[in-house]
Amino acid sequence: MTAPKPAPAKAPLPEPVLNRKNGILMADRRWPTDQWAHPWSLPGYRNGALMLAGIILGILGGGALIGELSKWGDKLYALMAAFATAKGISTVAVDAVWVAIKVLIVLHVILVNGLWSIWWERKISAHIQSRVGPTYAGGFHGWAQTICDGIKLFLKEDITPAAADHWVHALAPAIVIAPCIAAFAPVLFGTDLAAARLDVGTLYVFAFAGISVIGVVMAGWASGNKYSLLGGLRAAAQIVSYELPRGFSVVPVIMFAGSLDLSVIADAQSGYWWGVAPRWFVFYPVVGQVAFLIFLIASIAETNRTPFDIPEAESELVGGFHTEYSGMKWSVFFLAEYAYVLLASFLLATFFLGGGGSPLPWAPFTLVPSWIWMLSKAMFMMFVFLWVRWTLPRLRVDQLMDFNWKFLLPWSFANIAVAGLYLAFWLK
Amino acid sequence: MGMILEKLPGITKGMPGGDLILTTADALIDLGRKQSLWPMTFGLACCAIEMMGSYAARFDFDRMGVIPRASPRQADVMIVAGTVCKKMAEPILEIYHQMPEPRFVISMGSCANCGGPYYDSYSVLKGVDRIIPVDVYIAGCPPRPEALQYAFVKLQEKVAKMSLKRGLATPQQEKGSRDLTA
Amino acid sequence: MTQDELLAKMQKKFPKAAKTAVQVKDYLTVSLPSKDDLIPVAAWLKKEGFDYLDMLTAVDYLGPVDMKGYIRQANFNVFLPEGAAPQAESAAVAGYAYRPVLELVWAFVSMKDKARIFVKLEVPRDAARAPSLSGLFKSADWQEREVFDLFGVVYDGHPNLTKILTPDFLQGHPLRKDYVHIKDRYDE
Amino acid sequence: MTSEAATAAIPALRSDQLFVNLGPQHPSTHGVLRVGLTIEGEVIVKAVPDIGYLHRGTEKLAEARGYHHCVVLTDRWDYVASMPNNLVFCLAAEKLLGVKATPRADALRVMMCELNRIASHLLFVGTYGIDIGAFTPFLYAFREREMILDLFEMVCGARLTYNYIRLGGVMVDVTPEWTAKLKEFLEYFKPKIDEYDQLLSYNPIFMARTQGVGLITAAEAVSWSLSGPNLRGSGVVYDARKADPYCGYENYDFDVVVGKEGSCWDRYFCRVTEMRQSVRIVEQVLAKLPEGPVMAAGVAKIPKPAPGEAYAHVEAARGDLGVHLVSDGGVSPFRMHVRAPSFLNLAILQEKLVGMKISDVIALLGSTDIVLGEVDR
Numbered sequence: 001m002t003a004p005k006p007a008p009a010k011a012p013l014p015e016p017v018l019n020r021k022n023g024i025l026m027a028d029r030r031w032p033t034d035q036w037a038h039p040w041s042l043p044g045y046r047n048g049a050l051m052l053a054g055i056i057l058g059i060l061g062g063g064a065l066i067g068e069l070s071k072w073g074d075k076l077y078a079l080m081a082a083f084a085t086a087k088g089i090s091t092v093a094v095d096a097v098w099v100a101i102k103v104l105i106v107l108h109v110i111l112v113n114g115l116w117s118i119w120w121e122r123k124i125s126a127h128i129q130s131r132v133g134p135t136y137a138g139g140f141h142g143w144a145q146t147i148c149d150g151i152k153l154f155l156k157e158d159i160t161p162a163a164a165d166h167w168v169h170a171l172a173p174a175i176v177i178a179p180c181i182a183a184f185a186p187v188l189f190g191t192d193l194a195a196a197r198l199d200v201g202t203l204y205v206f207a208f209a210g211i212s213v214i215g216v217v218m219a220g221w222a223s224g225n226k227y228s229l230l231g232g233l234r235a236a237a238q239i240v241s242y243e244l245p246r247g248f249s250v251v252p253v254i255m256f257a258g259s260l261d262l263s264v265i266a267d268a269q270s271g272y273w274w275g276v277a278p279r280w281f282v283f284y285p286v287v288g289q290v291a292f293l294i295f296l297i298a299s300i301a302e303t304n305r306t307p308f309d310i311p312e313a314e315s316e317l318v319g320g321f322h323t324e325y326s327g328m329k330w331s332v333f334f335l336a337e338y339a340y341v342l343l344a345s346f347l348l349a350t351f352f353l354g355g356g357g358s359p360l361p362w363a364p365f366t367l368v369p370s371w372i373w374m375l376s377k378a379m380f381m382m383f384v385f386l387w388v389r390w391t392l393p394r395l396r397v398d399q400l401m402d403f404n405w406k407f408l409l410p411w412s413f414a415n416i417a418v419a420g421l422y423l424a425f426w427l428k
Numbered sequence: 001m002g003m004i005l006e007k008l009p010g011i012t013k014g015m016p017g018g019d020l021i022l023t024t025a026d027a028l029i030d031l032g033r034k035q036s037l038w039p040m041t042f043g044l045a046c047c048a049i050e051m052m053g054s055y056a057a058r059f060d061f062d063r064m065g066v067i068p069r070a071s072p073r074q075a076d077v078m079i080v081a082g083t084v085c086k087k088m089a090e091p092i093l094e095i096y097h098q099m100p101e102p103r104f105v106i107s108m109g110s111c112a113n114c115g116g117p118y119y120d121s122y123s124v125l126k127g128v129d130r131i132i133p134v135d136v137y138i139a140g141c142p143p144r145p146e147a148l149q150y151a152f153v154k155l156q157e158k159v160a161k162m163s164l165k166r167g168l169a170t171p172q173q174e175k176g177s178r179d180l181t182a
Numbered sequence: 001m002t003q004d005e006l007l008a009k010m011q012k013k014f015p016k017a018a019k020t021a022v023q024v025k026d027y028l029t030v031s032l033p034s035k036d037d038l039i040p041v042a043a044w045l046k047k048e049g050f051d052y053l054d055m056l057t058a059v060d061y062l063g064p065v066d067m068k069g070y071i072r073q074a075n076f077n078v079f080l081p082e083g084a085a086p087q088a089e090s091a092a093v094a095g096y097a098y099r100p101v102l103e104l105v106w107a108f109v110s111m112k113d114k115a116r117i118f119v120k121l122e123v124p125r126d127a128a129r130a131p132s133l134s135g136l137f138k139s140a141d142w143q144e145r146e147v148f149d150l151f152g153v154v155y156d157g158h159p160n161l162t163k164i165l166t167p168d169f170l171q172g173h174p175l176r177k178d179y180v181h182i183k184d185r186y187d188e
Numbered sequence: 001m002t003s004e005a006a007t008a009a010i011p012a013l014r015s016d017q018l019f020v021n022l023g024p025q026h027p028s029t030h031g032v033l034r035v036g037l038t039i040e041g042e043v044i045v046k047a048v049p050d051i052g053y054l055h056r057g058t059e060k061l062a063e064a065r066g067y068h069h070c071v072v073l074t075d076r077w078d079y080v081a082s083m084p085n086n087l088v089f090c091l092a093a094e095k096l097l098g099v100k101a102t103p104r105a106d107a108l109r110v111m112m113c114e115l116n117r118i119a120s121h122l123l124f125v126g127t128y129g130i131d132i133g134a135f136t137p138f139l140y141a142f143r144e145r146e147m148i149l150d151l152f153e154m155v156c157g158a159r160l161t162y163n164y165i166r167l168g169g170v171m172v173d174v175t176p177e178w179t180a181k182l183k184e185f186l187e188y189f190k191p192k193i194d195e196y197d198q199l200l201s202y203n204p205i206f207m208a209r210t211q212g213v214g215l216i217t218a219a220e221a222v223s224w225s226l227s228g229p230n231l232r233g234s235g236v237v238y239d240a241r242k243a244d245p246y247c248g249y250e251n252y253d254f255d256v257v258v259g260k261e262g263s264c265w266d267r268y269f270c271r272v273t274e275m276r277q278s279v280r281i282v283e284q285v286l287a288k289l290p291e292g293p294v295m296a297a298g299v300a301k302i303p304k305p306a307p308g309e310a311y312a313h314v315e316a317a318r319g320d321l322g323v324h325l326v327s328d329g330g331v332s333p334f335r336m337h338v339r340a341p342s343f344l345n346l347a348i349l350q351e352k353l354v355g356m357k358i359s360d361v362i363a364l365l366g367s368t369d370i371v372l373g374e375v376d377r
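Residue numbers (the numbering used here), protein chains in the order written: chain C, 1 to 428; chain S, 1 to 182; chain L, 1 to 188; chain X, 1 to 377.
Do not take every clue at face value.
Calculated cross-link-like contacts (lysine-lysine; reagent style DSSO-like; alpha-carbon spacing at most 27 Å) [as the list claims (entries may be wrong)]:
id	chain 1	residue 1	chain 2	residue 2
1	L	K138	X	K304
2	X	K242	C	K226
3	X	K352	C	K87
If we take Cβ atoms under 7 Å as the criterion, some of the chain C residues that face chain S in the derived model are [unchecked claim]:
id	residue
4	K87
5	S90
6	A126
7	S130
8	Y136
9	D149
Please keep in mind that the hints were generated in silico from the structure rather than gathered at the bench. Cβ atoms here follow ideal geometry from the backbone N, Cα and C, with glycine treated the same way.
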């Protein structure tokens, strides 16, 4: 019986490396509370801030460049035409290039807005709810969060459910976002800074904004999922019925401005009462406020946001009409929602807040270029959209319909009547 | 897009700076995936209350880009928080297969790890890794929200190691994990 | 209304309802000889103000619980050294009256005068049948389904007596003392 | 010819019914409950709740555990407010053992149960807000709830499954700075309840969504034997703390909160007002906290109570939680039955949901405030 082999001498455990330098326990700079006590000393934080500053300056610089160049828009076009005729290229090609430049610029406004407003909404909703929104994504207050989401969604597996009707399922996101991009054509980005100057601008915008409901219903029906079917049908009922008050609430504005063209409406609001108050339509005694409120409420309902977010009510229909979408197709829906919010806030700024005009007549304000005023008014209206979303609960479907047909619509008709009286006696 | 990236390792093999492109593409893709892990609201039992606590104000997970998504189609991570009963095993499998491809599973709490205090119960599944491949296990009954957060940090490290050369497979799939009904 | 008044009033109406030997601590417990007088007793109690069916359950008095009903390895306690005797099984207690019978328990509460009465009925284990109270109290519906699912007691006149808690592929009634667990595909 | 006859006359127009699964995985079913809804358009024609997805068989496990081990199992029934679970099992076991908890232990038990009721109602206010669509109250309610969980953590080390109330008394005594922190929390918490009223209770959209929805009459509530805020919401004055006082509830004065018409709003408002009553009780307990040991002497390491039966019931956050214990003198309980309030509160859904809209289903399901750990046990 051989004696049991002695256990192999185990190597002594390595001495635990304490955070100790020459005997004193080093305050660990990596401890989160210390780390965020003075964040500017952190390399990641500083680099993030620098990157963010660079991006913002780039966008503002680009905006300023386009703002200035648009003043000599006609001369530029004439120059191009002359160059084309010299080279013997037909003027149709020149027009095509000119329109292509404008479309690219407007498309970039929508896409950059997608990045900006998603991050902004998450930050605002976090601070409303006494918590801190995304902070680690880009080093400096999470500015790169939306970019990271974009990269991840870009590479997600693209699932088409078996029960889905393949073509309709794939086409639905396109039909939701295309009309919105087209609707941006006559939208004003500053005094006479618009892609296309249509004299039926308002009609054009509402016509295109109405097409997206087809995409939503297609998404709802094609996903083969009962929840998305319900979401799709609810969306159809809601968007179609809220088109009416949205359209009628703008009629007083058109009556005061005298034309459908957005830039004419914006110019009609220039000038000041008693030298101080700007003649914006929102400040017209009763008609202005009522029209503004109805248009705001109808726009919130149009973009399916709380308190009217019945189609994608998270707690009831799981995901509403975009339950079955994943990856890039879903993010197109997400982008479309924010594009419509941007469209609505630009329209609000143009119709009611005198787009481009400065609120006070004195020197320092009027020197600010018009597109900065327009952008700040639109961003303020977008803040109202976000703010409403995170404070109000959700309406039930029939309450939502009653509210529209029995409350908003009659009030918008009454508002038109009062606007008529204004025209007859006051604004002669 | 995914298809182009699958071809990228092949294309860059011959090119002089090929590896540089691969590693930067890896870094960018992993950064994107790492910073936006969207879990699915899928609470079973007491760990779900701790999970809700971790989305709330004090342990706010939105800092790390983690927003709970209701539908499995838009989720990356499935947190199995609570006791997995046999009657619930079937729906869990179904939901796991509804999630799009780069998906991860966090098994939260000792019930999901190995049956926990119900080790001898007739109607509890002894650990969720018997039916779906799990990436990160969290001990505790229920584990503290900080533990769930540390699990997300560990998962982020795991995601950061994914690379195009291995064809965008998740670390779990590389090891040929036991996916019963894959 | 103290327990004795209640017992006296009840025995005047139902002489066969006897006060049980083992009382539920500080509450009145009455046992019924046969299952036919359950419905009259319940109807009478409802008229007397005991209109709240608080609890409906069953107890299996066969004997100590059979360890094969649990999914346990030989020595599940990890702290015990290898090969040590497994944890103490639940042994039979000498002198306790085990009897092969299922005892059904109902608890009625009268909210007006804050009284509570337990009604018991002994039913044979193999053909366990009892009248259903879902006609008088709607909450009996789910509680009786639960007792059917876990004990196998069939309630006559129940609208839909089906499984409620255990998974569909689980055979047998788990809470019976002699339940043996049959391994299914999730146990391997 | 009525409109129904008209649609019936034209078969193409007859809308067929859709079977929708309010599936086991759904953001607002508070856990794993499946309700099979047959709907026509937006209105529900038939609802079949299907439970058992969290059935862990604790009643069977209790028969293989010692009495002290069963207290661990009780934490996982109603995991949102698990102090009353421990209390009800310990009261029943103490009745069998013939042991009486010390006065200081009784006072601590009352205080812990009331604090746990506040924490549970805070979670209800938060999740009910999300069900109705308002995301923000959830965050505010959880901010207060975290403070209460800190207090529990100071005392017994756990945030959710406390295992604090043991056979014969309480695990550990309470330190002076704990009572100081508790006083500070109570002062901070009182104005917060008014904040919830202003933020959610009297919000016109919230009231439109919940008042007059899911009406449960008093007779129905008694016949379905609901309990807790669901029963009191329908106007029935029944509270186990008043009807069958335990642990010295008779010498604290608080009033039972009763609703008027049994709508979702009444049940919600009962819970919010109950939080105020709980704060009053905790203050009274703090005022006259008796001195002395916290654990009664004479509780054996492995208790073998004399053969017999005992029933104890407690006013838990969700209703009248009861435990029926039968002992054959052996090491482990011969039979432990849990009278779970959520199990009975949920049963009424199959009758109440017919004829409602889908959004109201979520409103009613949320207002009954069920917890699946307790429903399936």
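Quick rundown of the hints versus the structure:
1. L:K138 - X:K304: violated (38 Å)
2. X:K242 - C:K226: Roughly 48 Å separates the two Cα atoms, so the pair is violated.
3. X:K352 - C:K87: Given that 27 Å is the threshold and the Cα spacing comes to 80 Å, the pair is violated.
4. K87: violated (38 Å)
5. S90: violated (37 Å)
6. A126: Where the cut-off is 7 Å and the nearest Cβ of chain S is about 6 Å from C:A126, the hint holds.
7. S130: With Cβ-Cβ at 5 Å, under 7 Å, it holds.
8. Y136: Interface hint status for C:Y136: holds (6 Å vs cutoff 7 Å).
9. D149: holds (4 Å)
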